[in-house]
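K.L.:
Sequence:
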Amino acid sequence: MRTFTSRPGPSAVAAGVTALAAAWIAAACVAVDEPVLTAGPTLRSCAEVELRQFDLQACDFDGVCTWSGAGADPSGGACCSFFAICSEGRLLVESSCPMECPPCPPGTEPLAQNGCATCTCAPPSECDVGGDPMSCEPSHVCYPGQVCADGAMPGQHEGCANVCAASGCAEPAPLGCRMECPMPLGCASCMATACTCEAGVWTCTPVCSDVVGPCFLP
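Here the sequence shown stands for residues 33 to 250, numbered as in the numbering used here.
Wrong hints could be hidden among the right ones.
Unchecked claim - Restraint ranges, calculated between C-beta atoms of paired labels, are given here:
1) P73 <-> M131: 29 to 39 angstroms
2) P134 <-> T237: 51 to 61 angstroms
3) D242 <-> V96: 36 to 46 angstroms
The set of hints was computed from the structure by calculation and includes no laboratory data. Every residue gets a Cβ at the ideal spot worked out from N, C-alpha and C, and that includes glycine.
Whenever a hint applies, use it, and build me the whole structure from the sequences.
P.N.:
Here it is as structure tokens:
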């Protein structure tokens with residue numbers, strides 16, 4: 033299964049950019065007599081960087097460019113993240129692409145963040161990432177979930193296991209959270225599934241699962 037890695041923070045980006053610049057300078061010192069690549073126009077903005085003809089293309093801009101998504105790199109797919117700087121007039125590019133994750137247990141699936149699957153497993157979200165109440169039946173609302181992929185914003189629907197249920201319960205919904213296991217199940221840990229809102233209280237069905245969200249059942 034191909035999944036999307038968490039986007040690196042500012043410190044990771046800075047470290048990667050520094051390493052790229054050092055590699056370029058070292059290469060320039062060794063091959064001083066090599067011809068300079070001149071094909072393609074000089075890139076003067078991040079928008080132009082995404083349309084580059086090749087890495088190391090001539091450039092003239094400040095700062096770090098970041099981008100991702102479909103078409104960002106045909107070899108990396110739609111779920112790679114890219115970082116680029118202009119160093120001594122040449123473009124330096126670094127990418128972060130999907131990595132392999134263990135398969136999700138039965139009854140769960142990878143949560144998606146920014147349209148890309150992650151390594152976080154949870155029961156399938158019951159309503160779309162936009163939290164559109166029209167994605168639930170008329171008498172229900174779309175609750176944001178407690179179990180979310182890394183990088184998801186708390187209280188938002190994007191990247192979380194959302195729940196369609198009657199109004200009146202506390203947010204976020206506990207779908208995929210750890211539950212106390214009933215004795216007849218005979219398992220060490222249980223996950224909340226089939227959550228409903230009844231008289232302002234969440235009621236969920238526990239199932240045996242080692243993959244449980246680090247959250248609580250209100």
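K.L.:
Hints the structure violates: just list their numbers, smallest first.
P.N.:
Hint check: 2 fails alone, others pass.
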